[in-house]
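Engineer: Heads up: the protein sequence lines correspond to chains G and B, in order. Anchor point for the first sequence: position 31 equals 31 in my numbering, and the numbering is continuous, going up by one each time. Anchor point for the second sequence: position 352 equals 352 in my numbering, and the numbering is continuous, going up by one each time.
Bear in mind the hints are in silico, worked out from the structure with no lab data behind them. A portion of the hints provided could be inaccurate.
[As the list claims (entries may be wrong)] Below, computed lysine to any residue pairings styled on SDA-like, alpha-carbon distance capped at 25 Å:
#1 B:K578 - G:L35
#2 B:K546 - B:V527
#3 B:K355 - B:V511
#4 B:K675 - G:A39
#5 B:K532 - B:L178
#6 B:K578 - G:D108
#7 B:K394 - B:I405
#8 B:K675 - G:R23
#9 B:K578 - G:A39
#10 B:K675 - G:L35
#11 B:K675 - G:A109
#12 B:K675 - G:D106
#13 B:K549 - G:D108
Just so you know, these numbers come straight off a predicted model, no measurement behind them.
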Amino acid sequence: MSMLIALTVGVLFATGVFCLLRRCLMRLIIGLVLLGNAANLLVFSAGGLTTGVPAVIPSGETVAPAGAADPLPQALVLTAIVIGFGLIVFSITLIHRARAASGNDDVDAFIETDQL
Amino acid sequence: MSLFWPVLLIAAASALAAVIRLPERWRVLWALFPGAAFAWVVLSWPDVVGGGQLMATIPWFEELGATVDLRLDAYGGLMAGLVTGVGTLIIIYAAGYMEGSPGGSRLISLLLIFMAAMLGIVVADNLILLFVFWELTSITSYLLVGFSHEKLDSRKKALQALLVTGTGGLALLAGLVLLGIEAGSWQISEIIANADVVMASPHLHGIIVLILLGAFTKSAQFPFHFWLPNAMAAPTPVSAFLHSATMVKAGVFILGRFSPVFSGSEWWHGPVVIAGMVTLLVGAVLGLFQTDLKKILAYTTLAVLGMLTMLIGFGSDLALKSMLVFLIGHALYKAALFMVAGGIDHGAGTRDVWKLGGLRAIMPFTMVAGALAAFSKAGFPPFLGFIGKEYVYKTGTSLDHFAPIFTGAMLLGNMLMFALALKVGWYPFWSQPKEAARGHPHEGSWMMWLPPMVLAVLGLVFGFMTEWTGDTLVIPALAEITGTPMHEHLALWHGVTLPLILSLVTFAGGVMIYRAREYFWKKHDQVDSGPKVENAYDRLLAGTVKFAKRQTRAIQGGALSRYMFIVVGATATLLLWKFVRFQGWPELTWEGRLAPIPVIACIWVMAGAIAAALAQRRLVALLSMGVVGLGITALFVNFGAPDLAITQLLVDGLTVVLLLLVIYRLPPIRVEANKWVIRADAVLSAIMGGLIFALTLSAMQIHVIERVGDTLAQMSYVEAYGRNVVNVILVDFRALDTFGEIIVLAIAAIGVTALLSAKKERSPDED
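Produce the entire structure from the sequences given, and follow the hints as far as they go.
Structural biologist: Right, here's the structure in full:
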């Protein structure tokens, strides 16, 4: 299973990077979302995967059942998903404004500040 | 009193002069500070002659070998006396020179901080500290040459001086660090005491070359000489102080300082002698064609620096003795002549030899000072300059090898300098009166003629009191350089010897050259536009700028997709390097059972990702992206993370909806035409994906026995009374992180609001 998960992360990363390398603004957003997903899945699976048992303490007990999933990467990823969302929303707005301001959706056209 | 006080006193005076703007008539009082430092040096003199020394230490970065070690011996003390003594007079002169023009306080403040740095160089006993002071003089020199910063020309020349001496300074730093490592000590006195350790080092030649580069650039030795005449753009007090009496001698000073360490090496003698001789001749010959008083003096300074360097290169006791006599003599008469030139400029309104003449009646005091200084420079007995020249000839004629060549060079150099001395100190006063350029020529205030007078008279007094000068000043300093006690004396009269005959030849030749002065002056423009080393500097500078431009265009041309490619490519390279060099690739094993649900989810995610990346239509791409999110949600559910699944689902849905709202405001997806770009991007993405695959796999193959998460799961209910461990971690154990997350979201929200409400009229669309 681990190899398939790793492969999924790899493919997400490759497609994400490919999108980021495009010059079209729309692709940029797609690339960001894909990369975010890839990173979350990487952190989630890096600690090892446990099928089925969430880290929830049943009533009457004081500790989580044996073999429960590792809660720490989950907590980290949960934070990451939310922050990723914030980033995506900001990027969408930024790109929208950039397009409106420049009248262009080609990132290579945004060269005013770097021109010699 | 501690050795720190003189340096600190002058530095403090600089700070005060910068802040307290004294009225013009009181500015001369700033000279009291360097005057006090000079008095201190004089009073300390009995402690340092005869091998004595004063030392003081404050710890600094001791781990790095840098401590504030100061040490005053007779050699450093001689220089310290010149720096503070000439410095005091320069401050008086500057106060007079700047009367009626703006920026007087600034000039005095800068001169004082330079003086403190220069004093630091001569008393520093630590290699790093020496370098710090060294650079400080370069920087203050930059500020002083560019004093008239509103003029393009003076900014350009200031930069040139800074670049040349600064580059040399970097070489010096490398040389000093190497020297410190090889010698096993950062204390200069200790390194000199253990010279054989350095001489045995395999890096000896490298150290010598680097230190020489530093010294040659600072002391304007050929081929780095060109910055010095250009530095004449500075106000005259600056030229008199930095570019004749002190800073340019810093190079000569450290050559003398390190001479006992390196004098056994051929790599030392050869370059030093040759650079010195070439500089002597280049300076003296080019000086002939100059028509500006200050330029004439600048070229003679080059010639003298060359002479001093050459003498150090010979390295014999006699050569070093001549060097010291020459050095003292030069500091006295050259600073005086510069001040005289400044006085003429001030009084007659020009420094052009074609316009000057007959000033003897109008500027009597300046005339006397000029004549005395010029006589010393020309080498008339009994001035100190005469003794210096006698010893130079004595050195030249007693050389073992190539004595005729070197003596010939000395003779030619001295003849030319004789003529140049008269041109500055004699010609403006005693030639036929000409129409002065502007205004009525007049004598300057006492502040302008007294300082050069004092120096010029000292040149005469020191010469008269030959024996005293020798025993008190020269011989103790010489003993410090050579490291052996000396019991020699200076003498004014050696009888009718070869050196004396050479001196007479010098007078005859010098007078002839002086009489032919107009012939050379007429050729000034022709020589000035001829080939020179400075052109190479200009080309190098222009070339560097051009190269930087090209390089920036190539790797930072503004195309964002290209930046992205470089960033991803660099990351991939680093990752690859880590795997190949350190980690090794992970084993390709299927750990765990292949269950149908996660397999389907994985394939679902991969298919969605590929579709999203390749889709040509906006909606297809967007929905494929949503599909990826759903697949990941399924994976979260399967691997025991319901909270993540819920969050992912929500966020995924929101993102898709948000994009749907924006998507039709964006133009359709454009497919790039250049196939090669797409192929290169695809290859790079595939490599990056493959590396991340390997990285994930390696991470999953590390099995940690004690997971932090398990401890948290055990404490969750007991300590925080929560059953959902993930939630407890978020709101309790790592609450601060969550707080940070909320802040990030808040900032993003503010950003979004700001962007959406930004004034529309700013966009060029709506113009």
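Engineer: Output the indices of the hints that this structure fails to meet, ascending.
Structural biologist: Going through the list in order, the structure violates hints 2, 4, 5, 6 and respects the others.
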